[in-house]
Structures are given as structure tokens and as C-alpha cells.
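Sequence lines, in order, name chains Y and C. Quick note: the first sequence uses the numbering used here, first residue 10, plus one each step. Quick note: the second sequence uses the numbering used here, first residue 733, plus one each step.
These are calculated hints, taken from the structure and not from any lab test. Note that this is a predicted model, so its numbers are computed, not measured. All C-beta atoms in this analysis are idealised placements derived from N, C-alpha and C, irrespective of residue type, glycine included. Some clues are possibly wrong.
Claimed, not checked - No more than 27 angstroms apart at the CA atoms, straight line, and that leaves these computed lysine-lysine pairs for DSS-like: (1) Y:K18 - C:K742; (2) C:K763 - Y:K77; (3) Y:K119 - C:K763; (4) C:K790 - Y:K220; (5) Y:K77 - C:K804; (6) C:K859 - C:K777; (7) Y:K46 - C:K734; (8) Y:K387 - C:K770.
To be verified - To spell it out: a stretch of chain Y is covered by chain C in this simulated footprint if at least three of its residues, at any positions, have a beta carbon under 8 angstroms from a beta carbon of chain C; those stretches are: (9) 35-48; (10) 59-72; (11) 165-171.
To be verified - Simulated restraints on C-beta separations: (12) C:G758 - Y:E115: 19 to 29 angstroms; (13) Y:D268 - C:I768: 44 to 54 angstroms; (14) Y:S274 - C:G806: 54 to 64 angstroms; (15) Y:G349 - C:D781: 50 to 60 angstroms; (16) Y:S369 - C:R746: 46 to 56 angstroms; (17) C:C788 - Y:E17: 26 to 36 angstroms; (18) Y:R140 - C:K751: 42 to 52 angstroms; (19) C:E818 - Y:S331: 29 to 39 angstroms; (20) C:D781 - Y:E108: 28 to 38 angstroms; (21) Y:E26 - C:R746: 28 to 38 angstroms; (22) Y:L20 - C:D781: 24 to 34 angstroms; (23) C:R746 - Y:S274: 53 to 63 angstroms.
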Amino acid sequence: MYLTKEEEKMLDGEYGEVVERMFRLLVRLGDIYGAEKMIPIGSAQIAGVSYKSIGDPGLEFLEDMASKGAKVKVLSFLNPAGMDLEQWKNLGFPEDFAEKQLRIIEAFRKMGIVITSTCTPYLAGNLPRYREHIAWSESSAVSFANSVIGARTNREGGPSALAAAICGRTPDYGLHRFENRQPNVKVKVEAKLSRISDYGALGYVIGKEIKNKIPYFVGIKNASVDQLKSLGAAMAASGAVALYHIEGITPEADLVEKDGIEEISIEERDIKKVYEDLDCGEDPDIVIFGCPHASIREIMDLANLLSNRKLKKPLWICTSRSVKELSDRIGLTEIIERAGGHVVSDTCMVVSPIEKMGYSTTGVNSGKAANYLPGFCKQKVVFASMEELVERIT
Amino acid sequence: MKGRVISPGKAEGRALVSKEPIGFYGGVDMKTGIVIEKGHPLEGKSVKDKILVFPCGKGSTVGSYVIYGLKKNGVAPLGIINKETETIVATGAILAGIPCIDGIDIEKIPDGAYVIMDADNGIVEIKEEP
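Chain C with its partners taken away, still in its complex shape (with noise of 0.2 angstroms):
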């Protein structure tokens, strides 16, 4: 699949996916990598060392700094693949240096598919169903 290119850089790693947006501030913790945000259907789930696959951000712009900080606690995920990447993901993804590609149809990644990030190109390839 190719997409545009919100980040650059080069990730491979388990898809975690979420079909509802993500509010990363006050959502995930920003020591533990854990999903917090009650109800969320990741709740509970970490993003740590993830090719984290969701349609696109919401709530508070302070979410960019906890992408930040997720990436400089170690807890982050290894690349983000949107559907559309709003501006707080955005900022947060190249504060962070996170790998992030978007106008993917996220539909298509199944929950643990493995997944091949390079995000210089633009492109996303599903390598082995979960």
C-alpha cells in the first residue's frame, strides 16, 4: 500500500489497531507506553515497540509532547500508520522522530499482522497475516 509521508524513517513490527481515534494526552500514559483512556478498545494494551495503526488523533494538542515523551521514555511505538494524520499526530510524530505514514486504508491491517514500515517511500507492506 503507499501513502503520504508524514515522517520519514523505516519500521517493522506487530500492527496494534485500533479502529476509534486516539487522544494521546490523558489516553496513554507517557511512562508505561499503556493505552489509559477508559472505554478505548485498546484500554488496558500497550503501544510499546508497535506499528500503531489507528484512523487519526484527537482531543488536547498537548498530545504531541506525550509522543514525544512515550519516545523518550523508550514506551513508544516503532511507527504510526494513519488514515488521516491530524496536526497534534503529526507534531508529535516528527518532534519524536517516529516513523509515521497516512492516507492508508487502515481497514486492510489486520490486529498482530506484521507489518513494513518505509516511511521515506511512503509505503506500508503487510509481510505475514497474525
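Just chain Y, with the same shape it has in the complex (with noise of 0.2 angstroms):
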């Protein structure tokens, strides 16, 4: 691999021990995979922030580095931890959960990178430009950032992440190349799309059937932000697509090549089969929304739907702390909460422990969600729209 002068350095150890390891780690990473060079990037988001997933080993590898000096070099957003980092007594997260994910947490401060928590950082401040190159590690951010925003990521594990925000760049192959990120799998959708849930479906339906391909959907004619966000998140998930584009609405899909493609079509029935695949038939204990963390448009909408209503059952929507804060000033958060549901912010129920908080079956309108659930946190699941959810448990 070509390295300049100021990587060779690096690689010879003039910067310290950490930025030494870090960018060995880059340099074998991209001689795996074939990269010619390293590229600079614009942002890092660092996965590997829950207790849960991590555990001890991750623990003492991240206080470990925090003590030896490691800085990070750009913008860095941190995803989910395993609890709301503020109100975590309140929602009754265990004690000795609490003290091990609040130590990751400070060893990340202490690097440098910015205690957000989200895997919406595009919704919270990280926000990359059209081409920029990025080291993302959240799939459902990841999916984002280079389907519906245009920029350039391949879908980095935690530590390589994180070594790219110490470094400041990544090697160079995969989607960070033009001619990797073309489609191979044409998919048209017959199928009226409408609310977030059917997105969330129809990403679960396709990531299982095409797994790791690119994916270029014809017959879609408007979506959100939060309904792409809800398709991107199904179908890294029940799949691993890094990438999607969608004719009319994705920035890249007029000048990727499309033609001669396998195709497949998805219809009305396809996602109706989703519903009833993941409804497990019984009454939800929890309802939470927010995989991936909800933008205040989401909460408006629930707030809407809570106002002068009374929950039978906890129901949370989670974000991002600074969404949270928006729901907080107009005053969304109180007709939630009136009704008896939280607003939680830096966690969701896939990296939570909710298992072990006496929950068994969970209502979600996330289809990355419904894929997670049943394994991390051994929940039986009901996938429904959120109207359907909240009308189950008013």
C-alpha cells in the first residue's frame, strides 16, 4: 500500500504507541481487502458503546487505551450505550450494569469523542456532505449515510472505527470506490408503501432475501427520511446491505449502472406476510419506539396519538439526547410521559438489557428491531405500525 510521509511516520511509532497499533490495524485491514492507499475522513461513528455487547473485554480495551493518550483526530459520534445515561435509576436499569457502561462511556470522553450515543448521528450533529468519506460502524447509519446522503462508508466493526478517528483515515476500497457501489439486484416494489412500519417490513423482506448485494428499488415514489431510515436499518439488519439506491429519490441512482440486473419484485402480499411472520400472537409487555432513534417528527406523531390517552403498559420511544432535549422545550415529552410513557434517550431495546428488566414480549414498529429482539434479548416480538401498537395497549 502507497503510505505518505506522515503515515509512515505514524507506522513507525513517532506519533506513540497508540496511533502506532491504531494505523497497523488500517494498514493490515486495507491489505486484506486490496486498498491502494489511505483516504482522510471527514467523521467517525464508533460502535461497540453498550456493556452488553462488549462486556468486560471491551471494558478494559477501552480504559486501557484512554489511559495510554489515544485522542481522536475528527468529528467522532458515539452509538447507542446499554442504558439512558442520565435517567437510568428511574427506568430501572440494574446498579451494576449502570457503573460498567458509565466507565466505556467516560473512556470515550476522555478520548476526545463526542457523548451523543445515537445511531442517528446524521440527526444529531454529525451530519457528512454528498462524497465525503466517512468511517461509520452503525449498519443502520452506515445504510444512511451512503444511500440517502450520498457520502462514503464500508460498514466498520468498533475497533476499526474507532482506529479511524484516531488516525484520521481509512484505507481505501469497498464503498469508499464508485465502481464498488453499483447495484446488483433490481427491485421493484408493487406494493403501497405508507407508514414507517411498511418500510421497516419491506427491508426485513429484502436484506433476508438478498444478504449482502446492493440493492436499486424502482416503484417507490416519495419516502421520508424516517421511512428510509426504517428501510436501510431492516435490511442491514436481516441482511447486511451497506448500501441502496432508489430510482428518483437517492442521489446516486442516476449514475449507477442498472441495467442487465437480476430483478425481483416485492407485492402487497410480501409485506403483509412480514406482519404476520413476526406478530407472536401475544399482548406486548413493553412498546417501545425508536430503532433507529426517533427524530422529533416520529415523537409528534406519538405525542399526537398519547394526548389525553392512558397507557396499560410502559411504552418508550427512544433518541438521541439532543432530540430529546427538542421534545423536552415544546413540551412532547410531558404528553408521553402524562400518558404513562418514557422518552429515553442513548440507548434502545436491542443493546438494553431488557431481558433481565422482566420483559418477555416487545411491540415494535422497527423491523430491525423485530430481527434483533428475539436473539439479543430473547423477546417475543409484535411487529405492528404505531397506531396498531398503541391502540393494543390503551
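Using the hints, build the complex out of the two chains.
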């Protein structure tokens, strides 16, 4: 791999042990994947934050890095943690879990990382531009940045994103190169999609079908940012889709080559089947929205539904701390709390230990959450739209 | 034998050979270095101070942190030899500073052989049969 003089110095240890190790990691990963050079990145999104996911091995690694003086070079945001970092006690998160989680956060803070803990950095202050190279590692954020914004990132792991943040660079391979951003399957959507959960259902079925391919959708007339966020998240979870194109909607759709590729089609009944397959038939113990983290618009929609109603079961809507701030200011949090719900930030249902908090059946409107909850949280799932789930617990 | 340098350094010791992939997270105890995955060919054996030979990694990406933890706790293998190192093991070995070479025909390394690794140049030498 070609390295600049500056990069040679990094590899030779002139900037200390941490930079040397981290840069060596990037160089080897670049070798493994056939990169010819390094490219500067605009920002990083670092996964592996929840104590539930990384456990003691991750905690010890991060504390060790922080104590050796590791510092990030570019704007770096964090993935969701395993709990709300402020109101964890109120929400019933276990004390021993909280202690370890807070140590992980402290280690990241020492490294100069913005303590945001969200899977929607693009809604919370880390917005890349079209064609900007970034190193992001949350699969739904990766999908959104690549597809909706047209920024360029591979699906990084926690350590490789941290290494990229510390070195300010990432190896130039995979989705950083336009030739690798070409679609290899055309998806004709012949179903009417209106609710956010419809897009989650579409993403869920497509991800399962196409695994890590790059789809080119036709037949989607219009879609909001929230709907696209839901679509991408589900495809990245049930498959490993890191980039999708939608005719007339996403920025690279007109530029890529889409003739002569395999075609599949999705009809109304395929979407209906996802709802049927993902409904365990039981009543949820808890309903959780905000996977990926809710936008202020989604919180508004929920507040409208809950206004002057009383919930019979717990309800969370998960979001970033900064969006929660907006929700607090304009009185949405109060409406939701008056109904018996919570606006939870910094965490989500997938990375928090809900199975240890007495819940066994969770209602969600997210295809991604529906995909992960049975495995990660031992939950039975009820997948439905926001409106239906609210109906079921009021 | 000549392979590809994944993580540089030099190491020599007895080979502990697994024909099956190793998943470090949940598969190897970070405190003791003992393989704890049920039914794994190395179950109950310690990777400490061995040249650990296996085809490739598997399982959770947290495995990288476990490899790092093994080193920090003084129970890591001296070196790692793979058929093909994927990113979990590569990341762990580099972060931990454990010499690692891949692209080696691991069938040719008998369990218990005394192996010399020159991971600066990607060279694996069997000094003594078991």
C-alpha cells in the first residue's frame, strides 16, 4: 500500500504507541481488502458502546486506550449505550450494569469523542456531505449515510472505526470506490407503502432475500427521511445491505449502472406476510419505538396519538439526547409521560438489557428491532405500526 | 513456510492446533486463557504461551477485545498462525501486539510441534516434531 510521509511516521511510532497500533490495524485491514492507499475521513461513528455488547473485554480495552492517551482526530460520535445515561435509575436499569456502562462512556470521553450515544448521528450533529469519506460503524447509520446522503463508508467494526477516528484515515477499498457502489439486484416494489413500519417490513424481507447485495429500487414514489431510515436499518439487520439506491430519490441512483441485473419484485402480500410472521400473537409487556432513534417528527406523531390517553403497559420511544431536548422544550415529552410513556435517550431496546428488566414480549414498529430482539434480548416480538401498537396497550 | 504478515514480531513455542475455527468471545476465557466453547476440539486446553494454529476466526466481533484481554492478563498465545486471518482475529492480534501470520498450510503443522515464527517476514519454521 502507498503511504504518505506522514503515514510512514505514524507506522514508525513517531506519534506514540497508540497511533502506531491503530494505524497498523488500518494498514493490515487495507492489505486484506486490497486497498492501495489511505484516504482522509470527515467523521467517525463508533460502535461497541453498550456494556451488554462488549462486556468486560471491551471495557478493559477502552480504559487501557484512554489511559495511554488515545485521542480522536476527527469528529467522532458514539453508538447507543446500554442505558439512558441520565435517567437509568428511574427506568429500572440494574446498578452493576450502570457502573460498567458509565466507565465505558468515561473512557470514550477521555479520547475526545462526543458523548452522543445515538444510531442517528445525522440527526444529532454529525452530518456528512455527499461523497465525503467517513468511517462509520453502526449498520443503519452506514446505510443512511451511503444511500440517502451519498457519503462513502464501509461497514466498520467498533475497533476499526475507533482506529480510523484516532488516525483520521481509513483504507481506500469497498464502498469508498464508486465502481463498488453499483447495484446488483433490481427490486420492483408493487406494494403500497405508507407507514414507517411498511418500510421496515420491506427492508426486512429484502435483506433476508439479497443478503449483502446492493439493491436498486423502482416503484417507490415518495419516502420521508424517517421511512428511509427504517428501510435501510431493516435491510442492514436482516441482511448486510450497506448501500441501496432508489430511482428518483437517492442521489446516486441516476449515476449507477442498472441495466442487465437480476430482478425481483415485492407485492402487497409479501409485506403482509412480514407482519404475520413477526407477530407472536401475544400482548406486548412493553412497546418500544425509536429503532433507529426517533426523529422529532416521529415523537410528534406519538405525542399526537397519546394525547389525553392512558397506557396500560410501559411504552418507550428511544431517541438521541439532542432530539429529546427538543421534545422536552416543545412539551412532547410531557404529553408522552402523562400518558404513562417515556422518552428514553442514549440507548435502545436492542442494546439494553430489557430481558433482565422483566420483559418478555416487546411491541415494535421497526423491522430492525423485530430482527434482533429474539436473539439479543430473548424477546417475543409483536411487529405492527405505531398506531396499532398504541391501540393495543391503551 | 512463507505466509503473509498480519501482525509483526517474533515468537517461538509449542503449537496448539485446532482444525476448527475459534470464536474468542464466549469461546476462550479472558482471565485464564482456557478454551471454554462446548464441544470445541480445544475445549479445556489453555492457549497461554502457545503458538495457536487454527484456520480462521468466527463469531462476534467482540472477539478482538478478548484477544487483547488475553494479552493484558498474561494468558495470550505467543503467536497466531492461520490459514486465513479474518478481521476479528487480525484486529485482536494487531491491537494486542501478538505476532500473526496467515496464508500458511496449517495441515503441515502437527499439534505439539516446536514452531519458530518470524512475523516480520512472514516465515514459519517447524524446528522439532512433537
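Consistency of the hints with the structure:
1. With a C-alpha separation of about 22 angstroms, the suggested pairing of K18 of chain Y with K742 of chain C holds against the 27 angstroms cut-off.
2. With a C-alpha separation of about 22 angstroms, the suggested pairing of K763 of chain C with K77 of chain Y holds against the 27 angstroms cut-off.
3. Straight-line distance between C-alpha atoms of K119 of chain Y and K763 of chain C comes to about 26 angstroms, which keeps the hinted pair within the 27 angstroms bound.
4. A hinted pair counts as satisfied when its Cα atoms are at most 27 angstroms apart, and K790 of chain C with K220 of chain Y qualifies at roughly 18 angstroms.
5. Our distance criterion of 27 angstroms between C-alpha atoms is met by K77 of chain Y and K804 of chain C, whose separation comes to about 14 angstroms.
6. At most 27 angstroms may separate the alpha-carbon atoms for a hinted pair to count; K859 of chain C and K777 of chain C meet this at roughly 23 angstroms.
7. For the suggested pair K46 of chain Y and K734 of chain C, the alpha carbons sit about 25 angstroms apart, so the restraint of at most 27 angstroms is met.
8. For the given pair, K387 of chain Y sits about 21 angstroms from K770 of chain C by alpha-carbon distance, which is consistent with the 27 angstroms threshold.
9. Against chain C, the stretch 35-48 of chain Y contributes 4 residues with a C-beta closer than 8 angstroms to a partner C-beta. That satisfies the three-residue criterion, and the hint holds.
10. Residue count for the stretch 59-72 of chain Y with a Cβ under 8 angstroms from a Cβ of chain C: 8. That meets the three needed, and the coverage hint holds.
11. Interface restraint, the stretch 165-171 of chain Y with chain C: holds (4 residues with C-beta to C-beta distance below 8 angstroms; minimum three).
12. Separation of G758 of chain C from E115 of chain Y is about 26 angstroms and conforms to the stated range, judged on CB atoms against 19 to 29 angstroms.
13. Here the CB-CB span from D268 of chain Y to I768 of chain C is close to 52 angstroms, well matched to the stated 44 to 54 angstroms.
14. For S274 of chain Y and G806 of chain C, the Cβ-Cβ distance of about 58 angstroms falls inside the hinted range of 54 to 64 angstroms, so the restraint holds.
15. Distance hint check: the CB atoms of G349 of chain Y and D781 of chain C are about 58 angstroms apart, consistent with the given range 50 to 60 angstroms.
16. Against the hinted window of 46 to 56 angstroms, the Cβ-Cβ separation of S369 of chain Y and R746 of chain C comes to about 48 angstroms, which satisfies the hint.
17. For the pair C788 of chain C and E17 of chain Y, the supplied restraint of 26 to 36 angstroms holds, since their beta-carbon distance comes to about 30 angstroms.
18. Evaluation of the 42 to 52 angstroms hint for R140 of chain Y and K751 of chain C yields a pass: the beta carbon distance comes to about 46 angstroms.
19. Distance hint for E818 of chain C and S331 of chain Y: a CB-CB separation of about 36 angstroms, consistent with the stated range 29 to 39 angstroms.
20. Restraint check, D781 of chain C to E108 of chain Y: a C-beta distance of roughly 33 angstroms satisfies the suggested window 28 to 38 angstroms.
21. Remark: the range hint 28 to 38 angstroms for E26 of chain Y to R746 of chain C is upheld by a beta-carbon distance near 29 angstroms.
22. Taken as a hint, the range 24 to 34 angstroms holds for the pair L20 of chain Y and D781 of chain C, whose Cβ atoms sit roughly 28 angstroms apart.
23. Roughly 58 angstroms separates the CB atoms of R746 of chain C and S274 of chain Y, a value that falls within the hinted 53 to 63 angstroms.
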